[in-house]
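**Q** Line by line, the protein sequences are chains A and B. Under our numbering, the letters of the first sequence match residues 1 to 193, in that order. Under our numbering, the letters of the second sequence match residues 1 to 259, in that order.
Honestly, the hints are just simulated from the structure, not real lab data. Virtual Cβ for every residue (Gly too), placed ideally from N, Cα, C. One or more of the hints may lead you astray.
Unchecked claim - If we take Cβ atoms under 10 Å as the criterion, some of the chain A residues that face chain B in the derived model are:
(1) Glu28
(2) Arg44
(3) Asp58
(4) Leu61
(5) Leu127
As the list claims (entries may be wrong) - According to the in silico footprint, chain A covers these stretches of chain B (three or more CB under 8 Å from chain A):
(6) 8-22
(7) 207-217
The primary structure of each chain is shown beneath.
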Amino acid sequence: MCPADAEQGVAHPESSPGDAAADAQRLETIYRRHHAFVWRSLRRLGVPDAALDDAVQDVFLVVVRRLDAFEERAAITSWLFGIALRIARVHRRKQGRRDRLLQAVAHQGEPQPHPSPSAKSEATQLLHRLLDELDEDKRAVFILAELERFSAPEIGAALDLNVNTVYTRLRAARQTMDKAVRRHRARERRVKP
Amino acid sequence: MSDLDELVSASVADDVPPSGAQERTWQQLTGRVAAGAPAPIDWHPPVTEGAAATAGSAGAGAPIGSSASWVIKVLVVVVGVGGAGALAYGTLWGEGSEPAPKTAVAEVASQTPPQRPDEQPVAPPEEDEEMAGEAQEPAAVPSPPPTPEGRATTRGARPAAKRRAPRAEPDRPVFASEIELVADAQRALKRGQPRRALRILDRHGTEFPGGLLTEEVMASRVLTLCELGRVDKARAAAERFVNKYPASPQVDRVRGACR
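Can you build the whole structure from these sequences, using the hints too?
**A** Here you go:
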């Protein structure tokens, strides 16, 4: 467990057997402490805004289910991200089916826009759109490295990768993202000279 | 600073949950847990009477039987004293208390030449059939939290969990049912009823094909087979588990199950 987690009261304090109050406190502490991290991770992993609350709940249901497992982890954030990655897959798949259904019903060529209860800035919208262009492996590494500032070993722990692979994927992700941003900026300049 | 770095910086500052999202989701989460997701501390030592009594008093008189699940205890504490507790925790653990950014690997990556340019064929993290299908996706609208008594009633009505079609219980998240099944199996195992545990685990594949807790079920099956003395089968199951989930935190536990 990383020192930061221990300082935050997330560390398992060897609670006495069946100490329900301590368990409840651990759960709520983890939730309060890491809600924002889980929320933005899911969003960056492509969970539609309309499904974010449900997806966050799903992540913490898994935490509830496996509360003891994380004490064996290097950092709870790594564990949480791993769970979020799986939950995000479910919700993306679900959204994909929904989009296809909507298209079939509406007989329209363009996907329907998703309701967006949480406003995104232009930068965030663009970043998320570009993240969609990455495959999941590179996307996860990019999110943890560039946006969450995880260290390479932490990313390796979260994604079950060795450090070399982390660096390799990060370089590839950065190259893809760099090109995509440059393309976007060039288009912007053409539209708004 | 490159365009990408500027974009990242701008987005990081902006990418925060909307106001009230944390509390709203917490309420919904506790509701879903109460509706049938027995948060499982099956790996914890059994509850002592003293601890249960402590939790009971904290729960303002809510009943905590000796067989009450961890989730009931948690709900007694979290929801039972929720009025004051939520406010207190809201103050103590505001969303602004995220950890400071850690050491950046990004800069290192951009400077460090690859020691091994070819990417290793690392198994993708937990990508398998367990995520397939919409059947195990949780319901969008969580049920309101029932009382602990309601939870006990829900357990009594478990035959409903035999349904193949999740629509039979539209207000109950399928994932919660899956969690409950696994928790039931683990409870049976802890109570010295490995045959019953195995029967419950056998239901998982048919009731929740590709379920989210396949990893947990496979691990529990190894432990159960050990309890039944079926060592060869347990070892074979353990091998399958380790091959499928080499990074699981339960690998050591599974490997040492029959020792």
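**Q** Against the earlier hints, flag every one the structure doesn't satisfy and list their numbers going up.
**A** none
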